Amino acid sequence: MSNYYNAEMEIASPEYMKAIQSARLIKMVYNCYNNVPFYKKKFDEIGLLPGDIKTIDDITKLPFTVKQDLRDNYPFDLFAVPKEKLVRIHASSGTTGKQTVVGYTAGDVDRWSEGCARAIVAAGGTKSDYVHVSYGYGLFTGGLGLHYGAEKLGAVVIPVSSGNTARQVQILQDFGSNIICCTPSYAMVIGETIKSMGIDPKDLPLRAGIFGAEPWSENMRKEIEKSLAIKAYDIYGLSEIAGPGVAYECSEQNGMHICEDFFYPEVVDPDTLEPLPDGTFGELVFTCIGKEALPLVRYRTRDISALTHHACSCGRTLVKMHKPKGRTDDMLIIRGVNVFPSQVEHVILSLGMEPNYQIVVERINNLDVMTVHVEMSEAMFSDEIRQIEETERKIRSALQDTLGVAANVHLAEPRSLPRSEGKAVRVVDKRKI
Amino acid sequence: MPIKQISIFVENKPGRLADITAILAKKNVDIRALSIADTTDYGILRLIVSNPETAVVAIREEGLTASSTEVLGIAIPDVPGGFAKAIRVLADAGISVEYAYAFITPEKGQAFVIIRVADNGLASAALAAQGIKLIEQADIFE
Numbered sequence: 001m002s003n004y005y006n007a008e009m010e011i012a013s014p015e016y017m018k019a020i021q022s023a024r025l026i027k028m029v030y031n032c033y034n035n036v037p038f039y040k041k042k043f044d045e046i047g048l049l050p051g052d053i054k055t056i057d058d059i060t061k062l063p064f065t066v067k068q069d070l071r072d073n074y075p076f077d078l079f080a081v082p083k084e085k086l087v088r089i090h091a092s093s094g095t096t097g098k099q100t101v102v103g104y105t106a107g108d109v110d111r112w113s114e115g116c117a118r119a120i121v122a123a124g125g126t127k128s129d130y131v132h133v134s135y136g137y138g139l140f141t142g143g144l145g146l147h148y149g150a151e152k153l154g155a156v157v158i159p160v161s162s163g164n165t166a167r168q169v170q171i172l173q174d175f176g177s178n179i180i181c182c183t184p185s186y187a188m189v190i191g192e193t194i195k196s197m198g199i200d201p202k203d204l205p206l207r208a209g210i211f212g213a214e215p216w217s218e219n220m221r222k223e224i225e226k227s228l229a230i231k232a233y234d235i236y237g238l239s240e241i242a243g244p245g246v247a248y249e250c251s252e253q254n255g256m257h258i259c260e261d262f263f264y265p266e267v268v269d270p271d272t273l274e275p276l277p278d279g280t281f282g283e284l285v286f287t288c289i290g291k292e293a294l295p296l297v298r299y300r301t302r303d304i305s306a307l308t309h310h311a312c313s314c315g316r317t318l319v320k321m322h323k324p325k326g327r328t329d330d331m332l333i334i335r336g337v338n339v340f341p342s343q344v345e346h347v348i349l350s351l352g353m354e355p356n357y358q359i360v361v362e363r364i365n366n367l368d369v370m371t372v373h374v375e376m377s378e379a380m381f382s383d384e385i386r387q388i389e390e391t392e393r394k395i396r397s398a399l400q401d402t403l404g405v406a407a408n409v410h411l412a413e414p415r416s417l418p419r420s421e422g423k424a425v426r427v428v429d430k431r432k433i
Numbered sequence: 001m002p003i004k005q006i007s008i009f010v011e012n013k014p015g016r017l018a019d020i021t022a023i024l025a026k027k028n029v030d031i032r033a034l035s036i037a038d039t040t041d042y043g044i045l046r047l048i049v050s051n052p053e054t055a056v057v058a059i060r061e062e063g064l065t066a067s068s069t070e071v072l073g074i075a076i077p078d079v080p081g082g083f084a085k086a087i088r089v090l091a092d093a094g095i096s097v098e099y100a101y102a103f104i105t106p107e108k109g110q111a112f113v114i115i116r117v118a119d120n121g122l123a124s125a126a127l128a129a130q131g132i133k134l135i136e137q138a139d140i141f142e
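So the protein lines, in turn, are chains A and B. Here the numbering used here is used: position 91 in the first sequence is 91, and no number is missing along the way. Here the numbering used here is used: position 24 in the second sequence is 24, and no number is missing along the way.
For reference, chain B alone in the conformation it holds in the complex (with noise of 0.2 Å):
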């Protein structure tokens, strides 16, 4: 089961990622994770929140742009060659890696990845068959 990833398009202006995360705070989204993209104009910033349905409403009915994307989630040990360990098995497969950004969870020992692929089927299939553990929803926010 793919992972739900909001985008949000942020302009460069000072304030900016202060304001849009404010909305998140005031409808009590939990934000688990996050990375920007950036250019020189504008950022896309993607989070991995609690309750993205809920959160892409309110960004919307901020007047901001937002998208919801599948992504996917692999669980690594966190110990040296553990992210290059998985990442191999897509690049064997000859899948290329859009994105991919990476948060520590409370269990001790493990890390997750969020990888965007373009196709989430052919990606999870070659992971599963290296023994790479995918992850959900609910595992972030058990």
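This is chain A alone, in the form it adopts within the complex (with noise of 0.2 Å):
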């Protein structure tokens, strides 16, 4: 068994890349100007015609693209082919309840399940293994993602899907799981279950781990790799782009590369837009030029990274990503769960209430808890705590439905949240990551 899923691109010369990558960006931007309208007005707006895209070096020519266009062209006119080419749509939270609709044709399907696959060899992944994959399954790419690319490895898929942690833990030992997928933060959970069912994780089969979908440190990493006595590795991916498996890390463990043979990267300052030398942090960019049925030009990822092309130990010659360190956005990433600010501002107005709102984020027992405090009015009091709790249990319910992701309701006193010159402060994130 090799030590790459796919050893032409992952190892490939500079130069080869370099015309792989130069033959698709042309081909997609044909695509773009042809059957994407929005795409046909942004370039005619700079007087750019696909002819002028000769080389992937070309690529400072194309416009950007953001989250809000795809809210504009809500939900499929960024779709660059028919129906009856699509065979897959998936969508994540939106800023005000809607979503941002991705759609994929089968090719795309199968490029973006190559991603994982290439993601499952390089953590030491077989197609004798079985992967299991503890992600959501849904319109989430999570689930559906890493199930797609063991499959496509040949490996044995077990899809467990999320929650109910002790049926996990004993699909792992009665199974014999060699792969694990889920959230860091999953991750830590089980590792706790083992523990608390008497079980010595190095009797386990389970190997490895691949974890994405939110934010995860170094320490993490250790304890996660003591907790399920397993290799930790991180993958990364948005729906925007595909999913997981845009990147993903190696035996080095430090730095994911990055599928650029279907995901051209670049790294912009997110002030100017200029793009950044190597090693420099900044805005992360992607162009989809391996996709038909969404394919994106210099999409905004809002992730802040760094680009390497540092020769590495495992000899994929693939550019590398940084871990991404932050974001230029207010976007929150609550148990891998996508949120903004404004999407709770937007629940607290639809009942009513008056937008004094804070939203505080704490990791407690490994695990993201969000909690919204909301300034009680004379409008939501009473004397009788149960009237208070029915109140409390509203907005719960309404939070739940609009963001996917259960958070706890704080009644605070009125004025007592914070306000800086007229400007509340909304967030505040006291995980330490």
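Calculated directly from the structure, the hints in this document are not laboratory data. These figures come from a predicted structure and were not determined experimentally. Ideal placement from N, C-alpha and C gives every residue a C-beta, glycine not left out. Please note: incorrect hints may appear among the correct ones.
[Said to hold, decoys possible] Now the in silico label distances, taken between C-beta atoms and shown as ranges:
1. A:E192 to B:S50: 55 to 63 Å
2. A:T371 to B:G15: 15 to 23 Å
3. B:D19 to A:R426: 24 to 32 Å
4. B:P14 to A:R419: 17 to 25 Å
[Claimed, not checked] Some residues of chain B that are not near chain A, with every Cβ distance over 12 Å (derived):
5. T21
6. N51
7. F83
8. K85
9. A138
10. F141
Once you've looked at the hints, go ahead and assemble the two chains, each given alone in its own frame, into the complex.
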């Protein structure tokens, strides 16, 4: 078994990779211009013709795409292919309840699956492994992404999905899962459950874990590696680009190799949008040169990262990205779910309440806990506890419905939440990641 | 005539009760009875005071949330079974009590109980029919 899923690409020479990227970019730009009115208009505005793009280096001539563009074209207006060619839709939460919708052709699913298959192989996986997928299945790309990746590799997928941790542990034990895929915080929970069930993790056949969809630290990696007795690998992705498998860690466990033959990366200064040199942190931007249905051009991820083209001890020549160290917007990732403060505001306003709130995020027992503090108003107040509790319950359930993740509600005294120069301090992230 | 109770939203933070009662003291508001309903995060401070209107205005001026609620007051003999007898009347009439709190009066041998029910008219009639004495704001602050 090779160390690579696709050696042709993963250890390609820079010249070969550039040729592949150039050919794919040219094809993609024609696809955008001819089939996506949004891009035709954008190109026309700056007087750019598809023929102006001759190599991958011309990418800087192309305009950027932002998340708002996906919202403005909700749900399907950025798709470059007719419905007959689509085979899959995924979506992630948006800012005001509107989701960001993405579509895939069979070829897109195949290339995305390859990204995940490469990640599994880079984590030491082979076709004779049991791959235990504990990411959520559904519109979220995590579950199905790794599922298809494992199948593409020819491994045995165990599609457990998330939740019911005791059952997860039982499956790890009885089925003999070799590789587990989930969010790092859930891996910590599984680790604790293994301990509380009195199981020695060294007795489990589990060798490696592929963890992503939320920020995590080197300390968490050490804890997970100890509590599950495995090697823990990072994986990166976002639904707009494909899903997990856009980039993945190798045996070096130091930065993630980007599938740059499918997803061409750049790092730009978030203010000037000028490209930044290797090793400099800035906003990560992807161009989906390997996508047909949703060929996003220079999509601004809002993730802050840096690229490095240094030779890697694993032999891969694919460019590496640094673990994202923050965001250029106010998006929070709570237990793998994207949450924007504006969504919380939307919920509060829709309940007829004053938008005086604060979001506090903590990590308690390795799980993200979000608490929304809402100022008590005369209209919400009652001399009876159960009336107030009913109000709290209403806010909680509306938040859960809109955000797709549970939030605690804390009622605060009026004017008690901090305001700075009239603008409220909306988010306090206490997580030490 | 029901009695006016004021209710104040209090977050569970050290010093809040001291702050709030100081606001009332400054306005010369006399507290005759109080009860606190508490949860993990917050409490509701319920007060029977000499001048409820002044109290509510003063509390709101300080940016706090307050409301005024009409509750029932009854006078009961300060003997074993005194409260039991009164509350049995409400139970027999199928009236549920949201909350209640009691205080002793200057008049020896008598206690006052504040009762919060959904329908004051219905509860008053039931109590009066069984000879339970209902009190008014003036009875508390005479």
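Quick rundown of the hints versus the structure:
Checked against the given bound of 55 to 63 Å, the beta carbons of E192 of chain A and S50 of chain B, roughly 57 Å apart, stay inside it. Checked against the given bound of 15 to 23 Å, the beta carbons of T371 of chain A and G15 of chain B, roughly 22 Å apart, stay inside it. For the pair D19 of chain B and R426 of chain A, the supplied restraint of 24 to 32 Å holds, since their beta-carbon distance comes to about 26 Å. The supplied range of 17 to 25 Å is met by P14 of chain B and R419 of chain A, whose beta-carbon atoms lie about 23 Å from each other.
Every beta carbon of chain A lies more than 12 Å from that of T21 of chain B, the smallest distance being close to 15 Å; the non-interface claim holds. The claim that N51 of chain B lies off the interface holds: its Cβ sits roughly 18 Å from the closest Cβ of chain A, which is beyond the 12 Å cut-off. Interface exclusion of F83 of chain B from chain A stands, the closest Cβ pair being 21 Å apart, more than 12 Å. Its beta-carbon lying about 25 Å from the closest one in chain A, K85 of chain B satisfies the requirement of being farther than 12 Å from that chain.
Even its closest Cβ contact with chain A, about 22 Å, leaves A138 of chain B beyond 12 Å, as expected for a residue assigned away from the interface. Interface exclusion of F141 of chain B from chain A stands, the closest Cβ pair being 20 Å apart, more than 12 Å.
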